[in-house]
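> Here's the letter readout for the chains.
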Amino acid sequence: MPKIFAVVGLGTFGSAVALELAKRGYEVFACDRDSDKIEELGSELANAVELDATDEKSLRDAGLDEVDTALVSFGDSIADSLLVTMLLKEIGVREVVVKVSDERHARLVKRIGADRVIYPERDMAVRLVENLLSPRIFEFIELSDEYNLVEIAAPKKMIGKKLAGLNLRKRFDVNVIAIKSKIPVVNKKGVPDIEEKINIAPGAEDEIREGDNLIILGKEKDITKLKKM
Amino acid sequence: MSKKNKEPETINHNQERLEKAEFYILNQRFSEAIKTLKAVMAAKDATPHAHYIYGLALEGSNQQEEAKKHFRKVLELDPDHAEAREHLDRLIG
Chain A
1 MPKIFAVVGL
11 GTFGSAVALE
21 LAKRGYEVFA
31 CDRDSDKIEE
41 LGSELANAVE
51 LDATDEKSLR
61 DAGLDEVDTA
71 LVSFGDSIAD
81 SLLVTMLLKE
91 IGVREVVVKV
101 SDERHARLVK
111 RIGADRVIYP
121 ERDMAVRLVE
131 NLLSPRIFEF
141 IELSDEYNLV
151 EIAAPKKMIG
161 KKLAGLNLRK
171 RFDVNVIAIK
181 SKIPVVNKKG
191 VPDIEEKINI
201 APGAEDEIRE
211 GDNLIILGKE
221 KDITKLKKM
Chain B
1001 MSKKNKEPET
1011 INHNQERLEK
1021 AEFYILNQRF
1031 SEAIKTLKAV
1041 MAAKDATPHA
1051 HYIYGLALEG
1061 SNQQEEAKKH
1071 FRKVLELDPD
1081 HAEAREHLDR
1091 LIG
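Those protein sequence lines, which keep their order, are chains A and B. Position 213 (the first sequence) corresponds to 213 in the working numbering; numbering is contiguous. With positions in the second sequence counted from 1, the corresponding number in the working numbering is that position plus 1000.
To be clear, the hints were calculated from the coordinates, so they are not data collected in a lab. Quick reminder that beta carbons are idealized off the backbone N, C-alpha and C, glycines included. One should not assume that every hint holds.
Unchecked claim - Label-pair restraints from in silico Cβ distances:
1. A:V186 x B:L1077: 18 to 24 Å
2. B:E1086 x A:D206: 24 to 30 Å
3. B:T1047 x A:V129: 51 to 57 Å
4. B:A1082 x A:D68: 28 to 34 Å
5. A:T12 x B:K1038: 39 to 45 Å
6. B:E1076 x A:P155: 41 to 47 Å
7. A:N175 x B:R1072: 23 to 29 Å
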C-alpha cells in the first residue's frame, strides 16, 4: 500500500515538499492555520486543510492519525514545532520528520521523539561553500566526520581511460559510485543538444569521457588528491 | 580582393566551422568544438545559433559559467530560443 504523507506548515519549504509528493502521485494531507495558504494550494493539492495543528482533536478529525510520515515545517515558532511533533507521535504517526532552524531546536525535537531532523538552511550553506570554494565540485554530502560523497568533474588525465585502468580504489582509496555523462542528441527540430545520463555503479570496463562528472565516496584528503590528478 | 568579395567567403568559413563544431559535439568531443568555434565567436556578429552551439560545447566540457554567458547572449538576440532558455535555467538551478 502506498505511503500516506502529511505536511504541517505550508511555508515555502513545506509547500514545495507537499507539491512534489503530490506530483509523484502520493496522497498528501497539507495543513496550515493560514486560510490564504490553503486557498493558494487548494487547486493543486486534493487534501489541503485549514487547521490548528497544536490541537490534538483537530489533528485526529482531519485524519492525520492515519498518515505514515509527517513533516513538521514551521518557520518561526519553535514552541509550535515541539508541540505538534509531540502530538503527531501521540496520535500514532509512525515517522515524524521535523525541519529545524538551529541546533537547539534540533536537540529539543529529538528529545520529544522526532524520528528525523532536517536542517535545510545549514545543509545548503555547507554545499554552497564547497561549491564556491571549488567550482568544479557540483555536489557535496558529508556522510560522517571523515567520509564525503562528492560530485566532481572528471580530471583531464582520466578522459579516454577505463575505470579498471585508472585503479582509483587502490591509488586513492576512493570509490566511484556513479558517472554522470553528457550525451549528445539531435532534438526534434534537428538542433544539437546534450542530455545528462547517469550510470549507477559503473563497471571496470566503463570509460571516462569528456564532460563526465564522477560521484565519488571517500575521505576528504583522498578526494583532494584525486582532484589534483 | 575587394572587401565586398571577401564577405561571402568569411560567411562560408564560419558556416563550415559551425558544422564542424556540431560534428564534434555530436561525437562528445567538446574541447575540439570549442577550439573550432573560437574564430567564429571572435566576430561581433556571431549568430544566435553560433552562440548556442558554443554554449553547448562549453557546458559539455563543464565550463558552466562561460556557457551561461553564451546562452544569455542567445536569448538577448533571440528571446524565443527555447533550447538556450532550457539550458540556462538548468545551469542556474
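> Work down the list of hints and note, for each, if the structure agrees.
We went through each hint and held it up to the structure:
1. Remark: the range hint 18 to 24 Å for V186 of chain A to L1077 of chain B is upheld by a beta-carbon distance near 22 Å.
2. The hinted range of 24 to 30 Å is satisfied by E1086 of chain B and D206 of chain A, whose Cβ atoms lie roughly 28 Å apart.
3. A hinted range of 51 to 57 Å is violated for the C-beta pair T1047 of chain B and V129 of chain A, which are about 39 Å apart.
4. For A1082 of chain B and D68 of chain A, the hinted distance range of 28 to 34 Å is not satisfied, since their beta carbons lie about 40 Å from each other.
5. The given range of 39 to 45 Å is respected by T12 of chain A and K1038 of chain B, whose C-beta atoms sit roughly 43 Å from each other.
6. Against the hinted window of 41 to 47 Å, the Cβ-Cβ separation of E1076 of chain B and P155 of chain A comes to about 34 Å, which falls outside the hint.
7. Separation of N175 of chain A from R1072 of chain B is about 38 Å and departs from the stated range, judged on CB atoms against 23 to 29 Å.
Comparing the model with each earlier hint shows violations of hints 3, 4, 6 and 7; every other hint is respected.
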